[in-house]
Structures are given as structure tokens and as C-alpha cells.
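Heads up: the protein sequence lines correspond to chains A and B, in order.
The numbering used here applies: residue 4 is where the first sequence begins, and numbers increase by one.
The numbering used here applies: residue 2 is where the second sequence begins, and numbers increase by one.
Keep in mind that the hints were calculated from the coordinates and are not lab data.
We put the beta carbon where it would ideally sit given N, CA and C, even for glycine.
It is possible that part of the hints are untrue.
Quick list of simulated restraints, FRET-style, between CB atoms [as the list claims (entries may be wrong)]:
(1) A:Thr86 with B:Val52: 26 to 36 Å
(2) B:Leu70 with A:Ala116: 11 to 21 Å
(3) A:Trp39 with B:Asn71: 35 to 45 Å
(4) A:Lys113 with B:Asn49: 29 to 39 Å
(5) A:Gln79 with B:Leu15: 49 to 59 Å
(6) A:Lys122 with B:Ile9: 28 to 38 Å
(7) B:Asn49 with A:Asp23: 47 to 57 Å
(8) B:Gly26 with A:Trp98: 33 to 43 Å
(9) A:Ser26 with B:Ser91: 33 to 43 Å
(10) B:Phe110 with A:Glu83: 50 to 60 Å
Chain A is nowhere near these chain B residues, computed Cβ spacing over 12 Å in every case [what the hints assert, rightly or not]:
(11) Asn14
(12) Asp25
(13) Gly26
(14) Leu35
(15) His37
(16) Gly59
(17) Tyr74
(18) Ile75
(19) Thr78
(20) Glu82
(21) Asn86
(22) Gln88
(23) Met94
(24) Lys103
(25) Lys111
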Amino acid sequence: MLLIDTHSKIQHDLENFFCDMISPLNIKYLQCSDSWLNFKTVFATNIEELDTVTSVYNIPSLMRVLLEKSNIINEQSINELFTGNSTEICFILDWSTQKKILVFSLDGAKHFADMQFSKEIILAREYLIELFSGVTNE
Amino acid sequence: MSKNLFPIYDTHNLSGSLLVTFKDGSADLINISLDHLTLMSGKRFIDNEEVQLSIVLGRNEISLTGTILNFKYIRETKKYEYIINLQFESNDMFLRWFAIIKGIHRARFKQ
Numbered sequence: 004m005l006l007i008d009t010h011s012k013i014q015h016d017l018e019n020f021f022c023d024m025i026s027p028l029n030i031k032y033l034q035c036s037d038s039w040l041n042f043k044t045v046f047a048t049n050i051e052e053l054d055t056v057t058s059v060y061n062i063p064s065l066m067r068v069l070l071e072k073s074n075i076i077n078e079q080s081i082n083e084l085f086t087g088n089s090t091e092i093c094f095i096l097d098w099s100t101q102k103k104i105l106v107f108s109l110d111g112a113k114h115f116a117d118m119q120f121s122k123e124i125i126l127a128r129e130y131l132i133e134l135f136s137g138v139t140n141e
Numbered sequence: 002m003s004k005n006l007f008p009i010y011d012t013h014n015l016s017g018s019l020l021v022t023f024k025d026g027s028a029d030l031i032n033i034s035l036d037h038l039t040l041m042s043g044k045r046f047i048d049n050e051e052v053q054l055s056i057v058l059g060r061n062e063i064s065l066t067g068t069i070l071n072f073k074y075i076r077e078t079k080k081y082e083y084i085i086n087l088q089f090e091s092n093d094m095f096l097r098w099f100a101i102i103k104g105i106h107r108a109r110f111k112q
């Protein structure tokens with residue numbers, strides 16, 4: 004369980020960092036908790052989501068990334084499958100050692116255009132890795 | 002990212018409700034994943050060959066298309082073990098397969 008002080012500090016830092024890009028900020032940080040791709044939410048701006056565990060199949064934005072990598076269906080089919088489901092952006096912080104992802108919910112938020120927002124997150128990669136470096140799913 | 006992007010589930014506990022037809026013959030399914038599966042058959046095929054599969058799991062019947070990634074001969078069973086990468090041309094068939102895989106996952110982890 005994340006300490007309240009740590010949670011508050013991360014939330015404050017994130018809101019400062021992203022204030023010009025998206026408002027309100029709705030973000031989850033998930034770590035893979037086993038070899039079956041079940042992910043535990045170890046940080047969430049919505050505190051009720053903390054410590055929940057969800058399978059890879061129930062994270063649409065991550066599924067989209069994995070399907071694009073896997074080549075089991077073509078790009079057009081993927082676009083059709085996820086039509087109307089673009090209110091979430093998944094950013095993979097680490098996949099090779101321990102699988103760690105950030106999920107931004109764009110639902111009801113004012114934000115940069117999707118592509119611009121994605122570019123900004125990529126530029127912030129090192130900052131985000133550092134910010135979440137001490138957060139574990141223990 | 003590497004291949005084997007999705008979890009792999011062994012099918013021992015499904016054997017009673019599972020029927021696999023592979024190249025007009027029956028086959029034993031060893032494990033399944035969203036993007037590939039492993040099965041055992043007495044028939045000999047070659048790498049990269051495209052194959053059609055039919056899987057009946059309980060009341061669900063699904064036709065799959067895949068490509069043989071590699072194979073090995075298992076001396077004890079005198080059968081060939083094939084790893085088959087799956088491809089889906091239609092979203093309907095993919096969504097049916099996805100539902101099966103998701104159901105197996107949920108049955109084991111309640112998630």
C-alpha cells in the first residue's frame with residue numbers, strides 16, 4: 004500500500020507537470036504482478052482504484068499496443084475494434100525487466116490533441132520513470 | 002517487446018471438453034494463447050506451412066488459421082509437437098477467440 008505522503012507528493016508533482024497538457028488529470032500506474040499479465044494499480048489519481056488487480060485483457064489501451072506488436076490481426080481491423088474506445092492512452096515505462104505501464108484517461112478531460120499529448124509523454128519518459136521509481140506493488 | 006506477448010494456458014483441465022481437428026485429423030492441444038497455440042499430431046508438416054484448425058471447446062466451435070512456427074518430434078509419443086502462430090482475417094473470429102481466452106483467464110484468476 005502506497006503511503007499517503009508519497010501518494011500526495013506524486014499526485015502534486017504530476018499535476019504540476021501535466022497541468023498545461025491535460026485537465027483534470029486521471030492517471031494510473033500499474034505494475035505486472037505475475038507471469039499471467041495481471042496488473043496491480045500501485046498509484047492512481049482516483050484513490051479508489053489503488054491496489055485493484057486487472058488482467059491485460061481488461062486494459063484496452065495496452066491490448067491495442069500488444070495487438071499491434073503481435074501481427075495476429077491487421078491494422079485496419081485493430082482500428083475497427085477500438086473505434087469509440089480512444090479515451091485512454093497507455094504508455095509503457097518498462098516491459099523487458101518488470102512490466103510497468105501508465106494509463107491516462109482522457110474521458111471528459113481537456114487535453115492536447117492525442118498525437119501531441121503522446122509526444123509530450125514520450126519526452127517526459129525519464130521524468131516519469133524517476134517519479135515512479137520508488138513505488139512498488141509490495 | 003518480444004514474441005509470446007500474451008499469457009500461455011495449459012489445457013490439461015480442458016481435455017474432456019476439447020476437440021481439435023488439424024489437417025483433417027485429430028490433434029492434442031498442449032497449450033493456448035491469444036496469439037499462438039501448441040498442439041501434438043501424428044502427422045508431419047513443414048515450417049511456415051499455413052494450416053486450418055477447428056477447435057470445439059464446450060459449446061463453442063471456432064475455425065482458426067495459423068502458420069507453423071516450428072515443430073519437434075517427441076520420441077516418447079511418436080508424435081510431432083507444433084507451435085502455430087494464429088492470424089485472424091475477420092474481427093468476428095478474433096473476438097470469439099478473444100472471448101474464449103478471456104474466459105479461461107477469468108476462470109483461473111477471477112480477473
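In ascending order, which of the hints set out earlier in this document are inconsistent with the structure? 2, 3, 4, 5, 10, 14, 15, 21, 22, 23, 24 and 25
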